[in-house]
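Engineer: Quick note on the numbering used here: the sequence shown kicks off at 1 and runs consecutively.
Please note that the accuracy of each hint is not assured.
Unchecked claim - Quick list of in silico lysine-lysine cross-link-like pairs, BS3-like style, CA-CA up to 25 Å:
1) LYS547 x LYS180
2) LYS547 x LYS457
3) LYS172 x LYS457
4) LYS457 x LYS177
5) LYS482 x LYS519
Just so you know, these hints were derived from the structure itself, not from any lab.
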Amino acid sequence: MIARGRRGGDVPVIFVHAGAGYHSVQNEGVHLQACNDAAKAAMAVLNNGGTAVDACEMAIKVLEDREITNAGYGSNLAMDGVVECDAVVVDHLGRSGGVGAVAQIKNPISLARLVLDHSSKQLTLRRVPPNLLVGQGAVDFAFDQGMPVMPYDALVSPAARERWIRWRSDLKYAERKARKAAGESALVVSLRTDTDPAFEEQTRNRMRREHTQMLLGNGFARASSVSSSPIPSHRGLDSSPSKTTLGSASATPDSASSCPSDQQEYIDPNGPLLPVQESSRSCFVNSTQHVPTLATLNSAQDMADDAKSEEFDDSDVQMSDVGDSFDPSWLERRQRGRDWNDGSSGEESSASDGTLHLPSVTSSPPPIAVHTPLPGTPPESLLEQPSPRASTPLGHVTASPPLPPSPLLSKLRKITTPDSYFPGQNEDHITDTVGAVAIDCYGNIACGASSGGIGMKYRGRVGPAALVGVGAAVVPMDPSDKQKTCVGVVTSGTGEHMATTMAATVCAERVYQGTKRIKGGMFEAAEDDEALRAMIEQEFMGHPSVKNSHSVGAIGLLAVKKTRDGVYLYFGHNTDSFAMASMHADEVHPTCTMSRSRGNGQIAQGGRAIRYRRKK
C-alpha cells in the first residue's frame, strides 16, 4: 500500500484561549484545565471528521459551561442582574453568525452557529438572511429553531451573584459621592430598583403583538389566536390558557373581565409579583438581603429563611444606599408571591428545581462554596505549593469553583469601579472573551468567540464577541495562492476599543500580508510575530481613540496562520495574563500555558509552529 503524502490542511489543529485579564495563581490550574478539556473535546470532533466550525463550537461550549470563565454560565451580570452574552462564529469563507446581548441561552455559541447556518439559506421574496441578532429577537429566533430557552437564574452562578452584589454596593457609593461633589443635578447613572425584566419583556411583547394586530385589522386580530414564544422567567408565567398564575387567580372578577384573554397571562392587577427568595432570580436584590441560593431553594428551611430575609429587608430600608423608590407594599406583595413555583401546580411544584439547575460540564459547587462569599481566593502565601507561572501538567487538577476569599482580603478590599482591577489581588479578573481557532482535515479554518461582557454593563450592550471583524475574523484562502495561506484571529479585552480599531480584522490582515505600520502611515514588510506586536503597539494602543479614552486599552490576540508548510500560532497581550491551549491530531495531550506579562501594560508574546511532515 502506498502511503498518501500529507498535504497542507489535512492535520486537524485546535487552539483555544480563556480570556485576557488577570488569572489568579491559585486558580491557574482550573483555567488551564478548562482550556485542556475544550481542546480535547474539539479534537475528538475533528478526529471523527467534523468541520472546523463544529470544533470551534464544541470547544467554546466547554468553556461556556465552566463557571470559571466569563462566558455562558457564570458570566458577569449586567446592571439589572441578568446574564447577557455575546457570541460569533466565522467559517473558512468569512461568513459569520453572531448574537449580542442575548439572555436565557445556555450556550450562546450554539445560537451563533444556528444564525450562521440560517444565513446560508435562501429566504422567500429575496429577503437577505441576517448574520447578527440581538436581544429578545435572538431569544425568539432560538425558540423558533428549537433551542431551549432557560430561566434567568439558570445562568447565574453563586460567584457571579456575589460579585454583582458587591459591585452594586460600590456603584451606589460612587454615585452618592459624585452627587455630593457635583450637586444633585449632576448627570449620574442611577440604578433602577423597581423593575422586573421578565415582566417588562412580556409587556413589550404584548404591545408588539397588539401593534401587529392593528396593522392586520381588528377583525382579523379578534379572530386569530395569538401566541408568542414562552419566555421562561422568574415570574413563572404559563402560556397555556388552562393554567393561571397566583396573580391572575387572585384577581377580582371585574378586573379579570375588563382585560383581554391574552393579557391575563401576563398582567397582575396588583402589579408584578416579587420573585421567590432567590438571589439569582431577584435581579434587583441589594447587598443587605439574605436569600438562599439555587442549592438551597427547595430545602426544608424555606420558611425559616423567609423569616430571616424579612428581618434583613426591614433593616435594608434603613440603609443609606436604598433608593427613594422603595415601595412599602413590597413585603405584602412578596407574601402573596411566596408560594410561587415554575408554572407547575400541586405536587409537581416540589420537583421544579430540576428546571433551575444548569446541565454543565463542571460539577456543582460544594455547600461551603455556596454559603461562602465568592469568587476571591486566599493569599498565595497561605498555599503550600502555588501554581508556577509556566506551562504545567494538569493531571492532578479537577474542575471546581474558585477558592473562597480570605477574610483579610475582604477587609482590605478597596472601593473601586466594577471594571477596574488590581494585578496584585488574588482574585480573577478576566475582562472578556473566550475564543477558539480550528483547522479541520479538509484544510478549512474557522474561529469563534463568546463572552458575558463586563460587569455592571448597560442592559443591551453588545460586546466585541458578537461582531465579526472585532472579536473574530478570518482571511479566506485565495484559490490562486500557491502557498494556500489563510488566517484566523480571535481577540479579548476592552470591547469598545477593539470595535473602534477593528482589532481582529486589522490583526488578521497584518499577519496575512506580513506587514506592519510605521510612522507616516506607511507599511513595511515584517515577520508575523513582529507584525502582531506592531499592531498592538501602533494600531491599538497608539490609536487616537484609545489614547484619549478614560478606559484602559486591554487586549489579547490569538492569531493562527495556515500555509502549505504548516500551521503557526502567534499570540500577544498587554494584560497581566492570557490562558491558552493547543492540540493537533498527532498529539495525545494538549499543550497549555498561562502567559504572564511583566505588568504596566507591557506586551507579552509567544507562539508555536506545527510543521507538516513531507513525503520522502
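Engineer: Each hint should be assessed against the structure and marked as holding or not.
Structural biologist: Checked hints:
For the proposed pair LYS547 and LYS180, the alpha carbon gap of about 30 Å is over 25 Å, so the pair is violated. For a cut-off of 25 Å, the pair hint linking LYS547 to LYS457 stands: about 22 Å separates their Cα positions. Between the alpha carbons of LYS172 and LYS457 the distance comes to roughly 14 Å, so the proposed pair stays at or under 25 Å and holds. Taken as a hint, the LYS457 and LYS177 pair is honoured in the structure, with Cα atoms around 20 Å apart against an allowance of 25 Å.
For a cut-off of 25 Å, the pair hint linking LYS482 to LYS519 is broken: about 32 Å separates their Cα positions.
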